[in-house]
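A.B. asks: The residues making up each chain are set out below.
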Amino acid sequence: MKKLTTLFAATALATLMAGSAWSKTFVYCSEGSPEGFDPGLYTAGTTFDAAAHTVYNRLLEFKKGTTETEPGLAESWTISDDGLEYTFKLRPGVKFQTTEFFTPTRDLNADDVIFSLERQWKSDHPWHGYVSGASWEYFSGMGMPDLIEAIERVDDMTVKIKLKRKEAPFLANLAMPFASIMSKEYADKLEADGKMNQLNQMPLGTGPFAFVGYQQDAVIRYKAHPDYWDGKQKIDDLVFSITTDAAVRYQKLKAGECHLMPYPNAADVESMKADPNLKVMEQAGLNVAYLAYNTTQAPFDKVEVRKALNKAINKQAIVDAVFQGQATPATNPIPPTMWSYNDNIEDDTYEPEVAKKMLEDAGVTNLSMKVWAMPVARPYMLNARRAAELMQADFAKIGVNVEIVTYEWAEYLEKSKDKNRDGAVILGWTGDNGDPDNFLDTLLGCDAVGGNNRAQWCNQEFDDLVTKAKEASSIAERTKLYEDAQVVFKREAPWATLDHSLSIVPMRKNVEGFVQSPLGDFAFDGVDIVE
Amino acid sequence: MFRFLLGRLAVLIPTFIGVSIIAFSFIRLLPGDPVALLSGERVMSPERHAEISHQLGFDRPIVVQYLDYLWGVVRGDFGVSIVTKRPVIDQFFELFPATVELSICAIVFAIVLGIPAGVIAAIKRGSVIDQIIMGTALVGFSMPIFWWGLLLIIVVSGILQWTPVSGRISLMFFFPSVTGFMLIDSLLSGQEGAFQSAFNHLILPTIVLGTIPLAVIARQTRSAMLEVLSEDYVRTARAKGLSTFRVVGIHALRNAMIPVVTTIGLQVGVMLAGAILTETIFSWPGIGKWMVDSVFRRDYAVIQGGLLIIAGVIMLVNLAVDLLYGLINPRIRH
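These protein sequence lines are chains C and B, in that order. Quick note on UniProt numbering: the first sequence kicks off at 1 and runs consecutively. Quick note on UniProt numbering: the second sequence kicks off at 1 and runs consecutively.
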């Protein structure tokens, strides 16, 4: 009898072990199919989540949960005194993934880095047009072709990149998905076999997860890379279950068919928070919505008038009405998750009476103005019309008459650039490389007047600070300069900063180690499922 | 029968040519540069533009372009996906079995429930049962697929947790595709529980896709049955004292089935339209979802090629139904 019991117990144990205990599968209900698996070719976040953050690494990586960079495949780097030469020392012993379709024979070296960047840069590179229609949009969009002077191999483990001019955000750019490092050895093999297209279909890199297979529009499978340089992952398998409808993603999450989902419907968030099996993470997205006055036109050329109007806007009411609370009122032109965000700046308080007085003191009476409302919903502004109506009511309280205007979206963007356009424009911005320059200089610099600078605001003091920050090479120095720039911004008030929308990530309660990225991407290294 | 077939084909070919002209014009009528749309290249130098334009044959007379396109279609060349760079026809054959599997299940579901429901309603004409069946059919017929699918997911999968939410099989199972039909492949895989999982995944999409055909078939069966039941020969059969089962099941049903078969055939087009929504809600990797995803990816080559292939499939199915109809009812052949 005892024998039988032992046998039974052993069988049960074996069954258990064969079941779930030894293979931890993490299922991510992703929102769409990737366009391909070469992150350099595409611009969609969906593609980056499926290719760049799983299979690949970059020279630098964004430190988890922040927009700061940290060493990735480059262990360290030095910048020459003139700020034009970047020398990267590669991490030794980094292994490429071994998959069913390729077995690497060597570790990462300088050739891989040069291959990965040069194919995007040099139009005569054999891999430049390996996929017809390849335009390396991000690489050119970040201005890399005009910026790079040369990419040189110093020795096996050292790469030097020479720039034509100083560019502080350059390092952050290298942490972006398009700069993912591929295996030159794998590429050479594909080239020799005449199967170059495979690079975009069966990716192979140094990242935490190795590609196993993709069934179009249905599922992508990965397994943990056992020799990952930063240690093997706690989960064994990673599965992207492609589920385009947000309501269905939510049901799958509830049923335990997936562990984590992106982009929930706003209306579902409350019930997600109430579900004891789920937890919901939220943080301010890397975006800002604003109302840009035309600072070159009277009376908006007077800082007192702009300040008065800012004090008349009830931001909390806008956030509540437009986002159902899924946004926070914005103080600065950069979001709070971004480095160099100045915490010491105080926002204009909502005081209609004071605002009215300020306006009178400035000698402005019977003001009539236009407020432009965007015709489309963007993450940073879900309903501009509604926000404009609320501001209309707010301004009415201080005796300002508002007419709301709108145009077709492309026309709106174009017309609002015009230096002579009237009134104030609602618009916003989502950052893409985590660098403050991407907001402060792009949206408020003197060079951007007539372009992205919808306030047409050129303030020498602000511009000097931002330009200096672009050329400074230490983060500490840049932080100081950007903090000062935000002080000038708040004092001069070219915009009413409206909100930073929240990015909301619901997941099963047993998910541990997931860190929300301010850049809006989803990466699963470090994630674990606890029972 | 041969002349009947020839006659049908004589109609089919011009129809297909008409559809091919529409598909051919599709890219050319869209706003934007067709060369850019078809190549997927957004940034092009004038030389590159000329080169691609030449490759795609855009520099030749439009009639020549069309004939060339048609010749390609005849040889099975429906173009190459802008996104995956793979032939559209290859992708179609990979995804088509999933749609066929779902459609077969849905039509079987609709027939198995629809015909008896229609027959019962006809026999019990004017009764409460008749009213319930016809009322339900009307609701089913007017049900927006997207809403119906979500409702079932929320109630059956979400609250009751009886069925999985979406997909074709649990992600725990992983085996190569042999036939493309998950019910068969899961059996072939020999993995324990795989078939059960595939079956469970089919339940909700089958119901959602089968609802409209079910309603249509039930209504059609009822009216055809009512007509047949009032015929003299049925009355004669009844007068002879045959059981209701024999009268309805043997004599009336066979004749009532003629219009019903046509209706079922016509449902194929409806099903493929319904599949677009059903597959999207249930993340069912078939051609319906493929088309929707292609629209979002702006994969014009897939949309163009896919439309033509789907239209071809619908035409072939309708041809088959016509032939079947001819077999059941010889009179139609003349």
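A few of these clues could be false.
[Claimed, not checked] Calculated lysine-lysine pairs in the DSS-like style (CA-CA distance at most 27 Å, straight line):
#1 B/K85 to C/K189
#2 B/K85 to C/K195
#3 C/K302 to C/K63
#4 C/K63 to C/K509
#5 C/K279 to C/K302
#6 C/K24 to C/K195
#7 C/K63 to C/K195
#8 B/K124 to C/K122
#9 C/K419 to C/K302
Simulated from the structure, these hints should not be mistaken for lab results. These numbers were taken from a predicted model, which means no experiment stands behind them.
A.B. asks: Decide, hint by hint, whether the structure agrees.
C.D. replies: Status of each hint after checking the structure:
1. Among the hinted pairs, B/K85 with C/K189 is consistent with the structure: their alpha-carbon atoms are about 20 Å apart, no more than 27 Å.
2. With a CA separation close to 12 Å, the supplied pair B/K85 and C/K195 stays within the 27 Å bound.
3. Under the criterion of a C-alpha separation no larger than 27 Å, the hint pairing C/K302 with C/K63 is inconsistent with the structure, at around 41 Å.
4. Restraint check: the Cα-Cα separation between C/K63 and C/K509 comes to about 24 Å, which is no more than 27 Å; the hinted pair holds.
5. Restraint check for C/K279 and C/K302: the C-alpha separation of about 48 Å exceeds 27 Å, so the hint is violated.
6. At most 27 Å may separate the alpha-carbon atoms for a hinted pair to count; C/K24 and C/K195 exceed this at roughly 33 Å.
7. Restraint check for C/K63 and C/K195: the C-alpha separation of about 35 Å exceeds 27 Å, so the hint is violated.
8. For a cut-off of 27 Å, the pair hint linking B/K124 to C/K122 is broken: about 79 Å separates their Cα positions.
9. With a C-alpha separation of about 16 Å, the suggested pairing of C/K419 with C/K302 holds against the 27 Å cut-off.
Of the hints listed earlier, those the structure fails to meet are numbers 3, 5, 6, 7, 8, in rising order.
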